[in-house]
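Chemist: Take a look at the letters that make up each chain.
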Amino acid sequence: MTKPQAGPSLGQFKPDRAGHMGLLVSAGTVLTVLLAAVLLFLLIFSRGARTFWPRDLNLVRHVDGRTFLAEVLDVREDGSVKMRTGNRDLDQERRDFFIFNEAEITLEAQPENAVWVERLEHGPVHAFFKAVRMPNAEGSDGEFSDSESLLVFQAQVAELRSQYAASQTQLGRMANAENDEGIRAAQQESSRIRAELTRYGMHVELPNGHAHEIDGEDVVKVIFPNQLGAQEKVGVWFGQLWSFITAGPRDNNTSGGVWPALIGTSLLVILMSVLVMPFGILAAVYLNEYAKASVWVNLVRIAVNNLAGVPSIVYGVFGLGFLIYGVGGFVDFIFFGEALPKPTIGTHCVLWASVTMALLTLPVVIVATEEGLRACPLPWREGALAMGATRWEMMRKVILPAARPGILTGLILAVSRAAGEVAPLMLTGVVNFAHDLPIDGTAPFVHLNRQFMHLGFHIYSVGFQAPNVEAAEPLVYSTAALLLLLILLLNLTAIRLRFRARKALEQ
Amino acid sequence: MMKTMTESIASSGLGEIARQSAESRPKLPYEGDVTFEVRDLDFYYGSKQALFDVSLKIPKGEVTAFIGPSGCGKSTFLRTLNRMNDTIEGAKVKGTVLLGNADIYAPETDVVELRRRVGMVFQKPNPFPMSIYENITFGPKLHGKHSKGDLDQLVERCLRGAALWDEVKDRLNNSAMALSGGQQQRLCIARALSNEPNVLLLDEPCSALDPKATAKIEDLIFELRGTYTIVIVTHNMQQAARVSERTAFFVLGKLIETGETQELFTLPKKAETEQYITGRFG
Amino acid sequence: MEQSKFNQRRRKVDRRAAFFVRLGGLGVILAVLFIGAFLVFEVLPLIKSPKIQEIEQTVELPVSVLAGVEEFTEGAWLLGEDGHLRLFEIDSGDMVDDWPAVPLQEGERLVRAKLGINRNWISTVSSLGRLFCLPLKVETQYDEELNRSYSLTEGRVYSLLEDGFAEGIEEYCAHVGEEGVVAVLVKPDGSLAKLELVVEYNEFLDETSESFEQSSISTAEKISHVAFFDRNYLVAATREGEVLAWNPENEVLEVKEIPAGAPVTAMASLIGRGSVLVGREDGTVDRLLWLPSEEGPPKVVLGNRFEEKQEGLSAFATSNRQRVFLAVGKEGALVGQATRGEILNRFDLPEDWSFVQISPREDKLAVFLSNGQLELYPFEPGFPQVGAQSLFQKIQYEGYSSPDFTWQSTGGSQEYEPKISLVPLIVGTLKGTLWALLPSIPLAILGALYTARFLGGKTRESIKSFVELLSGVPSVILGFVGALYLAPAIQDRFLVLALTPLVLVVLTLILGAWFAKQPPARRARIRQGKAFLLLLPLYGLISWLMLSQGANIEKWVFGTSMREWATATFDITFEIRNSVVVGLAMGFAVTPLIFTLAEDAFRNVPKHLVEASLALGGTDWQTARRVVMPYARPGVIAAVMLGLGRAVGETMIVLMATGNTAITEWNPLQGFRALSANLAVELPEAPHGGFLYRTLFLSALILFGFTFALNTLAEMLRARNRRAV
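Those protein sequence lines, which keep their order, are chains S, Y and C. With the numbering used here, you'll find the first sequence wraps up at 510, consecutive numbering, no jumps. With the numbering used here, you'll find the second sequence wraps up at 386, consecutive numbering, no jumps. With the numbering used here, you'll find the third sequence wraps up at 731, consecutive numbering, no jumps.
With a cut-off of at most 16 Å between alpha-carbon atoms, the simulated EDC-like pairs for lysine to aspartate or glutamate come out as follows: (1) C/Lys18 with Y/Glu217; (2) S/Lys295 with Y/Asp190; (3) Y/Lys358 with Y/Asp146; (4) Y/Lys198 with Y/Glu141.
Some chain Y residues well away from chain C (every beta-carbon gap over 12 Å; in silico): (5) Lys161; (6) Glu271; (7) Gly363.
If you want the footprint, here are the derived chain S segments under chain Y, 3+ residues with CB under 8 Å: (8) 380–387; (9) 399–411.
These are calculated hints, taken from the structure and not from any lab test. Backbone N, C-alpha and C fix where the C-beta goes; we use that ideal spot for every residue, glycine too.
Kindly generate the complete structure, drawing on both the sequences and the hints.
Modeler: Below you can see the structure in the form of C-alpha cells.
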C-alpha cells in the first residue's frame with residue numbers, strides 16, 4: 004500500500020491539503036495503542052516476575068526509634084519510601100508494609116546475617132540469624148549456627164512436614180473406611196511427628212533487638228538475601244517461581260502458590276472443550292452444509308454470531324438459573340431425593356461452570372468452524388461426490404479433515420476465552436478457597452460436583468477480598484502474569500494457525 | 105456462397121485436424137454399441153429451462169466432444185449423465201437417460217453406484233487436500249476395498265493409466281496440492297480411473313492448463329479411448345477436432361447438430377454450426 | 007442399477023448422519039437461543055398481580071376479641087373475652103393449648119385488642135379500662151416423622167394501668183419492644199394520653215428495672231385515630247380528617263402537603279413502621295411517611311394517595327414480610343403495595359368478617375367471621391414490590407428526604423424497604439460505556455485507518471496480530487490493573503491525563519505542517535508506512551514527561567492537585583476508583599475490538615475506487631478521507647456498536663475498578679455500579695425465585711436484549727457492507 008507521495012509540490016503552505024497532519028495524527032493513534040499495550044504487558048510481566056526476586060534487606064532506623072530490616076519497594080518523587088518490613092505478627096500494629104518519608108528514616112548497611120524466613124503463616128520474618136535448634140546426629144537436641152546445619156534443618160523440617168501431611172491423609176482414609184484400628188495408628192503416627200517437629204526451632208534476633216524463636220514447622224524457606232550474588236538470586240528466583248506454580252495458597256491466599264487454581268482452570272477448560280467441540284462442530288456443519296440456504300438460516304447465523312457478543316455475565320445468570328437451579332435441581336429431585344434439601348449436583352460446581360463456559364464459547368467455535376468449512380472450495384465437494392461418496396462420506400473424509408485448522412483455531416480461541424473469563428464463574432461455582440481439589444486420588448478421581456479455584460477469580464479474590472491486600476498484591480501480579488502468559492500463548496497459536504490456514508488457501 | 109463457406113472452414117483447418125487424428129486412431133471392436141442413450145431431455149434450474157429436448161446416443165468406447173458457446177448447456181448436459189446436478193438446489197430433469205439398459209433417473213437407481221461407474225473430471229483440477237496415495241484410494245476405500253496390497257497395485261495402475269506414475273512414484277505420500285496444475289489434473293483422471301468406471305466425463309479438463317500440460321492430457325485421452333467411453337466438454341474446437349470421434353454442438357440449451365467429428369467440421373449440416381466453427385459467432 | 011447391500015448400508019449411514027447433524031445442529035442452536043427465552047420465562051412472574059383463589063377451608067371456632075393463624079396456617083390462636091389465649095388445630099377444630107394470659111377481675115372482660123406489627127405481641131383493653139400487653143409466640147415442635155405440633159409459649163404480660171383509666175377507650179396504639187411499652191390512647195373526648203413503661207437493663211448488675219411514666223399530649227383537635235412511626239413518632243387523625251404528628255418528646259411535628267380528605271376510618275403502620283396507612287370514609291388510602299430533614303426536625307408527608315377506592319373501608323390487614331396491605335371494606339378488599347404506591351388488585355369478602363389476616367407465609371388469607379368461623383383462601387401475592395414505578399421511576403422511600411432513584415436491594419432485616427430502581431444501574435452502565443468509548447473511538451478508528459491504508463503487508467499483519475493479542479487480555483486483569491495501578495497512579499494526574507493527548511495532537515500537527523513545507527525530495531525519503539516510527543521518540547518523551555511531572559504541573563497550575571481543586575470549586579465528590587479509571591481500563595478492552603473490526607471495514611474498500619481517486623490526483627490522505635472513510639462508514643459504525651456492546655456487558659472491569667456504589671450521577675470523578683457488576687455481586691446472595699432474584703434476571707434480560715439488538719444491527723450493517731463489496 005505504500006506509495007510515493009502523490010501530492011504536487013506546494014509553493015506555499017495550505018492547510019493540510021496533502022494530509023500530512025491527518026496522516027501523522029492517525030499514525031500517532033496507532034503508536035498510542037501499541038505503546039499502551041506494550042506498557043500494560045511490561046507492567047504485568049515485570050511486576051509479576053519481581054515477586055520472586057530476593058530483595059536485599061536494609062537496616063532502617065526511624066526517627067521515633069523503631070528499627071526495621073526492610074525491603075525497599077518503591078521510592079517516589081515526593082520523597083516517600085514504601086517498604087516491606089516483614090514480622091507482621093510481631094509488629095504492634097500488625098503491619099508489615101510502611102510508607103515513610105525519606106526525612107524520617109536513615110537507611111543503614113545491608114547486614115550479612117540478615118535472614119528472610121518464609122513462614123506458613125503471617126508472612127515472612129526479617130531478622131538476624133542466630134541458630135537453629137534441632138536433634139543432632141546422636142538424637143539429643145542441640146543448637147547450631149553453621150550454614151550446613153541450616154540446610155539440614157530445612158531439609159528435615161520439610162521432610163517431617165510432608166510425613167505429617169501423609170499421616171493426615173492416611174487418617175482421613177481410615178476415618179472414611181471406619182477402621183478404628185487404622186485411625187488409632189494414624190493418630191499415633193501424626194502425634195509422633197508433631198512431637199518430633201517441636202524439637203525444631205530457629206532462633207533469630209529481631210531488628211528491635213528482641214530474641215525470637217520461629218517454630219520449626221512454620222519455616223518454609225530461609226534466605227540470606229544480602230549474601231546472595233546475582234547468579235544465586237536467579238536460582239532463588241526460579242525456585243520461588245516453581246513453588247508458586249506447584250504449591251497451594253496459604254495464609255488467607257496472601258502467600259503460597261496457585262496450584263489448585265491452575266488445576267481448577269485446567270479442569271474447567273478441558274471439560275468445556277469436551278462439551279463445546281462436538282456440539283459446536285455439529286451446529287456449524289448443520290448451518291453450513293445441511294441447512295438449506297435461506298433467510299431463516301441467515302437469521303440464525305446472525306443470532307449465533309450475536310451470542311458471541313452477549314455479556315458473559317448473562318451466561319452466568321443462565322447457568323445459575325437454568326443449569327444449577329433448573330437442571331441440577333431436577334436431577335437431585337429424581338436421583339438424589341433422599342439427600343434433599345442438601346443439594347448433590349444442583350449446586351455451584353465445576354460441572355455447571357464448564358457447561359456455562361461451553362455455552363459461552365459455543366458461538367466462537369461455530370463461527371470459526373464455519374469459516375473453516377466455507378474455506379473448503381466447491382470442487383472438493385463435487386470431486387468427492389463424483390467419486391461416488393455419499394454426503395456424509397464427503398464431510399467426514401474430505402471436508403472436515405480439510406477444515407481442521409479452522410476448527411482448531413476455534414478451539415484455541417474458546418479455550419483462551421474460557422481461561423480468562425471470570426464473571427460467569429462467580430455465579431456458577433468458583434470459590435476463593437477450595438478445600439478439596441476437583442481432581443484427586445479418591446474415586447471417582449474427577450469430582451464434578453465440587454467447587455473449584457480459578458486463576459482469574461484468584462486475581463479478583465486475592466486482590467480485592469484478601470484481608471491483607473498489600474501483602475497479596477505482588478502475588479496477584481504474578482498470578483495475572485501467569486494467566487496472561489497462558490492466554491497470550493494460546494492466542495498467538497490461534498493467530499498463527501489461522502494465518503497459515505489462510506495462506507495455504509490462497510495458494 | 106457455398107464455396108466460400110467450405111473455403112472458410114478449410115481455412116480454419118479443423119477438418120484437416122479431425123481427419124488426421126481420425127486416421128491415426130485404431131478401430132474399436134464394438135461397432136454400434138451404445139453407452140448412453142438420452143431421449144427428450146429437458147433440464148430446469150428452478151423455473152429456468154437450461155436444456156431443451158435433447159436426444160443423443162453416445163457410442164461405447166469412443167470419445168464424444170460437446171462444443172458450443174459458453175452458457176449453451178454443454179456442461180449442464182454432461183452433469184446430467186452422472187447426476188451431479190442433483191446437488192444443485194431446484195434442479196429438475198425430464199426425459200430419459202439410459203446407461204446400458206437402466207434409466208439412471210429411475211427412483212431405484214443408486215446414485216452412488218452410478219457415480220462410481222461414471223467417473224468425472226472437472227474444469228479445475230480438484231485434488232483433495234491429502235496425499236497422492238490417499239487421493240487415488242479415496243474412491244476404492246469408499247466402495248469397500250481396504251486390502252493394502254490391492255490398493256498399492258491399484259494406485260500404480262491408475263497412475264500409470266493417467267501417465268503420472270513416473271513423475272510421482274517417489275512421493276506418493278506427499279500432498280497432492282503440491283503438484284503442478286497439469287499433474288493435478290492427471291491425478292484427478294487417475295482418481296476417476298480408480299473406481300474402475302465405464303465412462304469418463306471430462307468437463308473442460310484443460311481450460312486451466314498450459315499448452316504443454318494440455319497436450320499430455322490429450323495424449324492421455326487418446327490412450328484411454330476404447331477402454332473407457334469418454335465424453336469431453338470443451339470450448340476449444342481444435343481440441344475437439346483432435347481428440348474426439350463424435351461431436352455434439354449445443355446452442356442455448358438445444359442440441360443443434362451431432363455427428364462424426366470429421367464430418368461435422370468439414371461439412372456441417374446446420375448454418376449455426378458452420379457459423380460457430382468458422383468463428384462468426386460464439 | 008439396483009443398490010448393492012454394501013451401498014445400502016452406506017446410504018443408511020448417510021441418512022442417519024444427516025438426521026443426527028440436523029437434530030444436533032438445530033438442537034444446539036435452539037439451546038443457545040433458549041437462553042433469551044429462559045430469561046423471559048424467569049422474569050414473567052413479576053408481572054402477575056396478587057390473586058386470591060376460591061375458598062379452601064372453613065373451621066368453626068369460638069367468637070373472640072382477636073384471632074389469627076400461625077406460621078404454617080395449621081393452627082389458629084384466639085384471644086377470648088375471658089383473657090385466655092387459645093390455640094386450635096385448624097384441620098380438626100380441636101383446642102390444643104389454653105393460656106389464661108390476662109389476669110382479669112370478676113366481671114371484667116376484654117373489649118378490644120390489637121396485634122403488633124411483627125405479630126409477636128397483642129395489646130388489649132378491658133371493660134374496666136385496663137390496658138394489657140401480652141406476648142404471642144406459637145412454638146412448633148417436630149416429632150420423629152417430622153409431623154408438626156404446636157403450643158403457646160407463655161411470657162411476661164404487662165399491665166400498664168390502674169382500673170378505669172382507659173375506660174371507654176375505642177382507639178389506641180401501642181408498641182412493645184425490648185426497651186418497654188409505649189401506648190397512646192384516644193380518650194372518648196378526643197384528647198390523647200401517653201403511657202410509657204421503660205425497661206432498662208443494667209448489664210453490670212444483670213438486672214432490669216422498670217419505670218412508668220404518664221404524659222398527656224396537648225392538642226386542641228378532636229382525635230379519632232392514632233398510630234406510631236418508628237422511634238415512636240406519633241401520627242394522629244382528627245375527626246375532620248386532618249393529620250397531626252408529634253415526636254417522642256411530645257413536640258408537634260410539621261405535617262406537609264397533605265390535602266384534606268374525608269374523616270379517617272382506619273389507621274395502621276406498616277412493617278418497619280416507616281409508613282402509616284390512613285384509610286378514609288370515602289374509601290381512599292393515604293400513605294404517610296416521616297422524613298428526616300437536614301435542617302430542623304423531621305416532617306411528616308404524604309407519600310402516596312392511592313387512586314382506587316374501597317367502599318366502607320374500616321380496617322387494614324398488613325403483611326409481616328413486606329409493605330403489602332389489604333384495605334378491607336364492607337364487602338371486599340384492595341391489595342396495595344406501599345412503596346410502589348399502587349393498588350394491585352381487588353376482591354370480594356364475606357359481608358360479616360370481623361378480622362382479616364394475611365397468613366405469616368403469605369400463602370393464605372384468613373378471614374374470621376363474626377360468628378367465629380374461620381375461612382381460609384389461598385393467596386398468591388406474586389412480587390408486588392416490583393413494578394414499572396419501583397424499577398424506573400423516582401420513589402419516595404421511607405427515611406429519604408426526597409423521591410429518588412435508588413438501588414439498595416437488601417438491608418439488615420426483613421423490615422427493610424427494598425429499593426430496586428434500575429435507573430442508577432442503567433445510568434452507571436451507560437456512564438462506564440461512555441467513558442470507555444470516549445478515548446477508544448478516535449484511537450481505534452484513526453489507528454485502523456492508518457493501519458489498513460498506509461501500512462505495508464508485514465507491518466500491518468503484525469500490528470493487527472498484536473492488537474488481537476491485546477483484545478485477548480482477560481478483563482479480570484484489566485480490572486485489577488485499573489483498580490490497583492491506574493487508580494492510585496492517576497489520582498494526582500487528572501490534568502495531564504486530559505492534557506497529554508491534546509499536547510501530542512498539537513505537536514503532531516505542527517510536525518505535519520513542518521513536514522509539508524519540506525521539499526518533495528526530502529519528503530519522499532520518509533515513507534508513510536514509517537511515519538509512526540518517527541513519532542515514537544516524540545510520543546515516548548512527551549508521555550513520560552507529562553506523567554512523571556503530572557503532580558508538579560497540577561501544583562503549579564492550581565496550587566494543589568486538580569482533584570482537590572475541582573472537588574472544592576465545583577462541590578463534587580471524588581472517589582479513587584472512579585469513572586475515568588474504568589474508562590481507561592475498559593479502553594484496553596474496547597479499543598482492540600473496534601480497531602480490528604474497523605480495519606476490516608477499511609480494507610474491504612474495493613481497490614478500483616481507491617485507484618480511481620489516486621488517478622484523479624487525490625493524495626493518499628484525501629483518498630482515505632473522501633473515498634475510503636465514506637465507503638467504510640457502515641462497517642465502522644458497526645465496529646463502534648460492537649465495541650459499545652462489549653462495554654455495556656463488561657463485568658469484571660467495572661466490578662473491580664469502581665467503588666460499586668449505585669448512584670445516579672454523571673460526575674466522572676465518582677464511581678458507579680453497572681448492571682453487570684450488580685449481577686455478579688447480588689445474584690449469588692439472592693434467594694432463588696424471590697423478587698430480588700427475578701429483578702436481577704430482569705436486569706440480565708435488559709443486558710441481553712440491549713446487546714443482542716445492538717449486535718444484530720451491527721451484523722446487518724456489516725453484512726450489507728460485505729454484499730456491496
